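Below, each chain spelled out in residue letters.
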Amino acid sequence: MSVRDDKDSLKRTPLYNLHLSLGGKMVPFAGYDMPVQYPAGVLKEHLHTRASAGLFDVSHMGQIALRPKSGRIEDAARALERLVPQDIVAIAKGRQRYAQFTNADGGILDDLMVANFGDHLFLVVNAACKEQDAAHLRANLSDTCIIDSLDDRALIALQGPKAESALAKLCAAAPAMTFMDAGPHIVAGIKCFVSRSGYTGEDGFEISVPAADAERFAKTLLENPDVMPIGLGARDSLRLEAGLCLYGHDIDTTTTPVEAALEWSVQKSRRSGGARAGGFPGADKILGHFDHGAPRRRVGLRAEGRAPVREGALLFAAGEGGEPIGQVTSGGFGPSLNAPVAMGYVPAASSALETKLFAEVRGQRLPLQVAAMPFVKNTYKR
Amino acid sequence: MTTTLYTSDHEWLAIDGDIATVGITDYAQSQLGDVVFVELPKVGRALKKAEAAAVVESVKAASDVYAPISGEVVESNEALAAEPALVNSDAQGAAWFFKMKIADKSELGGLMDEAAYKAHTA
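Chains as they are written, first to last, in the UniProt record's numbering: chain A, 1 to 382; chain B, 1 to 122.
Simulated from the structure, these hints should not be mistaken for lab results. Hints may contain errors.
[As the list claims (entries may be wrong)] No farther apart than 30 angstroms at their CA atoms in a straight line, the calculated lysine-lysine pairs in the DSBU-like style are these:
| hint | chain 1 | residue 1 | chain 2 | residue 2 |
| --- | --- | --- | --- | --- |
| 1 | B | Lys99 | B | Lys48 |
| 2 | B | Lys101 | B | Lys49 |
| 3 | A | Lys377 | A | Lys169 |
| 4 | A | Lys25 | B | Lys118 |
| 5 | B | Lys42 | A | Lys356 |
| 6 | A | Lys93 | A | Lys191 |
| 7 | A | Lys377 | A | Lys356 |
| 8 | A | Lys25 | A | Lys11 |
| 9 | A | Lys44 | B | Lys118 |
[What the hints assert, rightly or not] Not everything, but these chain B residues come out facing chain A in the computed CB check (under 7 angstroms):
| hint | residue |
| --- | --- |
| 10 | Gly33 |
| 11 | Val36 |
| 12 | Phe37 |
| 13 | Glu57 |
| 14 | Val59 |
| 15 | Lys60 |
Bear in mind the structure is a predicted one, so any value in this text is a computation, not a measurement. Just so it is clear, CB atoms sit at the ideal spot from N, CA and C, and this is done for glycine as well.
Only chain A is shown next, with the shape it has when bound in the complex (with noise of 0.2 angstroms):
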């Protein structure tokens, strides 16, 4: 009974009738009712996705517009500057930047996508925190800047090494965009703005499509044999196996950009002796951090065994007695690597690559060690 009145509530991106259509099997996830699988399966479509090209619909996310009352694109990105540690002016128009919303605390109250399309900045959040983005943008940056909810669009991801080709044949444009390239293009004659960017560590592209013509994009999409329909349960493996940070579990608003290992989305002109230093939420603590180390750090886990170490597992130094010294935030199988991956934070000591670790996993201790991340090779068109 309960569960019905859940699924009564839960909102639908315009994909939701395709998703029905391909045999999704639907799970509340941020508000949303959204596919975690295919027929094909969890390892199928992240194996698929490595392989060839994978669609995912990623249309709960927030797509924001950030409009300059000036005119001048240098306002929008000096007000947002406000708001997060990213150099934001230098953005260049057509180019797209990683970035994080921070609290007073250094902590960290979403991360996004901002990207300059020429007369205002175009930024993607994540789903859960949409509303709160758009309040926090509303509230802090009224002054220079008019906040749009682009509500009335979708946004799909298409991922692997034959995205490229596959929107080839839609958008002409496509094959010269570079990494984290990102504008307005004309896609199978629907306007869309295209990046070349995603969660996955692989090539590939995200298309934000007024959600009228999403699903028929969608379906011209999949009419291409290499490309198969990808659920939440292989985005969440291919991201893992990515070492990209999913918000809520990996960081959130008691992680700051420096322990979660995420210092290299913050320019130099942001950092002590830069141009524009600090000026964001809780840089006291968070160039402090890039200053003088952050007292704990986010690191790749992989295990010894075979068992998959889950988000929650306390980690421990030793194989007996002590107190934990950390924590899993992310972990599970990663397909492509055969084996279990994980991340999570251990004190700055802890950190270093190869140091050996535990894992409590049902009052067992399993062996891990710190590893390199990301776990597989990201081919981004550079």
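With chain A held as given, fit chain B onto it using these hints.
Okay, now just chain B, sitting in the frame of chain A:
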């Protein structure tokens, strides 16, 4: 002569004298998806009815397999450690989990026959 019985938790038991062979049903494996890891009870372990006896893991999640009846484990299916995917391809045959010596035959009375199990999963 063996009789196959089922639990509401989707385990099957093939009863042959005082030995029960235990596995998960084809329905259960179809719900779990691709099995990537199986943890089995050690030979000699005394299982109490309804206690967690084994673990079966798919890419996405771990699920407990409960002892359908009480008894001592007399054999574990080592083939599953090397090839967990057997659970998907032959759940009610080659992918048996463990064999146990039945402690109390009266516990079998609470289990379902095939017709009742089919109705349970319908």
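Notebook entry, point to check: Are Gly33 of chain B and chain A close enough, Cβ to Cβ, to be under 7 angstroms, as the hint says?
Noted result: At 5 angstroms from the nearest chain A Cβ, Gly33 of chain B passes the 7 angstroms test, so the hint holds.
Checklist line | Closest C-beta approach of Val36 of chain B to chain A relative to 7 angstroms, hint status | finding: holds (4 angstroms)
Next item on the list: With a cut-off of 30 angstroms on the C-alpha distance, tell me whether Lys377 of chain A and Lys356 of chain A pass.
Entry: Since the Cα atoms of Lys377 of chain A and Lys356 of chain A sit roughly 23 angstroms apart, the hinted pair holds (cutoff 30 angstroms).
Check: Hey, Lys99 of chain B versus Lys48 of chain B, does the alpha-carbon distance stay inside 30 angstroms?
Finding: holds (14 angstroms)
Next item on the list: Assess, step by step, whether the Cα of Lys44 of chain A is no farther than 30 angstroms from the Cα of Lys118 of chain B, and give holds or violated.
Entry: This hinted pair holds, its Cα atoms lying about 29 angstroms apart.
Next item on the list: Sort out whether Lys191 of chain A lies within 30 angstroms of Lys93 of chain A, counting only the CA atoms.
Entry: holds (18 angstroms)
Margin query: Holds or violated: the hint that Lys60 of chain B contacts chain A, with Cβ atoms closer than 7 angstroms.
Written below: holds (5 angstroms)
Check: Taking 7 angstroms as the limit, does the beta-carbon of Phe37 of chain B come near enough to a beta-carbon in chain A?
Finding: Check passed: Cβ of Phe37 of chain B comes within 5 angstroms of chain A, closer than 7 angstroms.
Notebook entry, point to check: Is the Cα-Cα distance between Lys42 of chain B and Lys356 of chain A 30 angstroms or less?
Noted result: Roughly 27 angstroms separates the two Cα atoms, so the pair holds.
Checklist line | Status of the Glu57 of chain B interface restraint (C-beta, 7 angstroms, chain A) | finding: holds (5 angstroms)
Note to self: Would the hint linking Lys25 of chain A and Lys11 of chain A be met if the CA-CA limit is 30 angstroms?
What the structure shows: holds (16 angstroms)
Notebook entry, point to check: Within a Cα-Cα threshold of 30 angstroms, do Lys101 of chain B and Lys49 of chain B meet the stated pairing?
Noted result: Status holds; Cα separation ~12 angstroms.
The structure fails none of the hints (numbered hints given earlier).
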